[in-house]
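J.: The primary structure of each chain is shown beneath.
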Amino acid sequence: MIGKVRLPLIVMTGMSLIGCRRGEEPKVVLKFAHSVTAGASKPVYDAAVVEFEAKHPGVRVKQVVLDGMTYEKQGLQSMLQGGDPPDVFFEWAGHRVLRKVRDGYAADLTEALNKDGWRSAFHENSWSATTVDGRNYMIPNTIMVTVIHWYNTAIFRRHRLEVPKTYDELLAVMHRLKAAGETPMIFGNRELWPMGNWGAHLIQRVVGERVYDDVLSLKPGTSFVNPGFVKALELIEVWAKNGFFNRNFLAIADVDAQIGFFHGKAAFYPMGNWVISGAQTDAPPDFEYDGFNLPPLSDGAGDQTSLMALNTGYMVSKSTKHFDLAVEFLRHMMSESVQQRMVEAGAISTIKSAFDPERIDPHLRRCWEAWKNAKTIIAPPDTGYPIDVANRLYDAIALVADGKADAKTALTRAEEQVAPWRRAAVKTRGKE
Amino acid sequence: MVRSGKPGTASIGERLGLGDERRAAYAFVLPALLLFVVFIVVPTVATFVLSLFEWSGGGEPRFVGLRNYRIALTGDAIFTKSLRNNFYYMLATLVLEVGTGLILALMLDLKRRGYDLFRVILFTPMTLSLTVIGLMWYFILHPEFGLFEASPLADERTALWTVCVVSGWTYCGFYMVLFYAALQGIPRELYEAALIDGAGELRRILHVSLPLLRETTLVSVLICVTGAFKAYDLFRVMAPEGVPHHSTEIASTWLVRSAFSAEAAQMGYGAALAAIMTLLVLGMTVLYSLVTRRSRSQELA
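Protein sequences, first through last, are from chains A and B.
Read in order, the letters of the first sequence are residues 1 to 432 in the numbering used here.
Read in order, the letters of the second sequence are residues 1001 to 1301 in the numbering used here.
Possibly wrong hints are sitting among the right ones.
FRET-style restraints, in silico, Cβ to Cβ [what the hints assert, rightly or not]:
| id | chain 1 | residue 1 | chain 2 | residue 2 | range |
| --- | --- | --- | --- | --- | --- |
| 1 | B | L1279 | A | Q81 | 17 to 27 Å |
| 2 | B | L1033 | A | Q81 | 49 to 59 Å |
| 3 | B | I1140 | A | E124 | 23 to 33 Å |
| 4 | B | D1116 | A | P43 | 19 to 29 Å |
| 5 | A | Q81 | B | S1129 | 24 to 34 Å |
| 6 | B | L1222 | A | K404 | 46 to 56 Å |
FYI, nobody ran anything at the bench for these hints, they're computed from the structure.
For each residue, glycine too, the CB sits at the ideal point set by N, CA and C.
Modelling step: build the complete structure from the supplied sequences, incorporating the hints.
T.: Listed below in structure tokens is the structure:
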């Protein structure tokens, strides 16, 4: 008898507990989409969310986290197109912001930034490519230096190498490393952008920032097949012919290359400042590394101090029902306390009071110095320009680096692929 | 059967002059028909309409006529390459899946010791998710940490065929089961008669088994051909981004990247690629049906 009664009692108690739990459910759920899945920044995000929830009873911040590639390629777009888009989402500045505004996904944040002088908390140079028609659509969070030549200092010491000051010296270092049996440079280029960005920076140094921008923006009359681009890819041909890149670079993911670099498999790993965060969690304790910007080319065009970098930040969905709360959340994310922890995790913060170059990690200071010393900041192709154009340039760079095509052939193929879109862009411009 | 005799209260079926039997038949078909219309016809029509627009999934679509088709068929070398890869994949899987499945079924039909165990082992890959299979083989063949010094996935010349072999390994068990079941339906008397006529094992297979497996073979080929154009997961997992140099790019992976990639987000263009693929598969299926029907009627004649 007792046994018969016990089961319904357990069920009823359980149901009442579920009822209690339901009673505590938050009134508002704020969806926050980003791509920080691991590394030293992840605990900062998690803690910031918990702090915000504690300050706002009845509010739950639901983090929707996808790995960087999925987020960039399909994840965010699918979420925005779906019926329940995120209220706040991470984004890369540049063409992507423009597209989000043009497609009606982005809320105007100008007034929110003007309120209480919030705008003045940011570095003055944080706003590039975050505005459209003079209106703010992105709260810049960090400055992302996209290409720094990270090198293994132990390998440098072993072969008595010095940091190259010119492009020719860099080539000489590569030759010495190769002769000593080292893998001079490692890439995980399965996703095409790692080597693509490095190659694109080299192109800019050869052709100058204006031609670089014109060709990638599909300006009428421009083409990939121009003497400057061909010359730049011929430089990459030299790298390929000398075997400066790791074997299998086309088939492995960037994360594999990064792990390889941390474990001494190669001397160089050209990548962004997020390597610092990765090294904090994934590198062996005795791993030592340093970095520098691409050295100047003696016969290059345009600014030879240029740096490939971009801002990243947060946007608010135009369709959000909790605009004020979303802004409040972003004010919390951009608060000095959260941003200081971001800096400790390896980020260059856009908040003035949070970023003291004298007190930061030395690796991060390298990025900061490169950024400070660069007269020109150039955008990576995949965030600054239409992705189809970027991908075709990346294809060309990969083909040349793999020795499958010479510079002119690879660029001709890329141009053939882009030509229909170039014509379409011209037509659209004509209509506008 | 009691019928309503009141004028003006006739059911739709009565007004259309349909008999009870036909009405019942339509009633039974209706739910399936509704589902078919909602989930197949409407999306198909919507895809064709969308293919005439430039649209990123947000904002106002812009009518561009047949521009997307023109780009896909004349200016998109990667799409052309991906279709060619689909064709190679189809040929390879016909051999590796259907061919191997048939051979395995014939071998099992010899009923040597332990054949039941082999049947289970060979069918096991079919019970796993393609994503799991893809990941498993990806790690075995990983260019950096895998078992082989030179990974076939890292080489432009071998990457596609590697995926084909994994696909064959996965699905040959399925076709084996189909053929094996069909073999069990062949009357044993035919084999006995052949045996009395002095036919050896090979001749019995060639002159009894294979001709009577014709229908199963035709169905298997159709499943395999259409399946080759629907493939996605294995390629997505084993060779993301169509590496190296789009050598493992197939139409569906290129379509998804064109349509849903955050920045490309060319829903209209993706829809045009989907429409082309639909027409292609439809065309192949119709052609295949016509050819097989013709050969069947010739045989009957």
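J.: Could you run down the list of hints and mark each one as holding or not?
T.: Results of checking the hints against the structure:
Our hint of 17 to 27 Å for L1279/B and Q81/A holds, since their Cβ atoms are close to 26 Å apart. Checked against the hint of 49 to 59 Å, the pair L1033/B and Q81/A fails, with Cβ atoms roughly 30 Å apart. Checked against the hint of 23 to 33 Å, the C-beta distance between I1140/B and E124/A comes to roughly 53 Å, which is inconsistent with it. Between D1116/B and P43/A the CB atoms are about 54 Å apart, so this pair departs from the stated range of 19 to 29 Å.
Roughly 26 Å separates the CB atoms of Q81/A and S1129/B, a value that falls within the hinted 24 to 34 Å. Separation of L1222/B from K404/A is about 37 Å and departs from the stated range, judged on CB atoms against 46 to 56 Å.
In summary, the numbered hints that this structure violates are 2, 3, 4 and 6.
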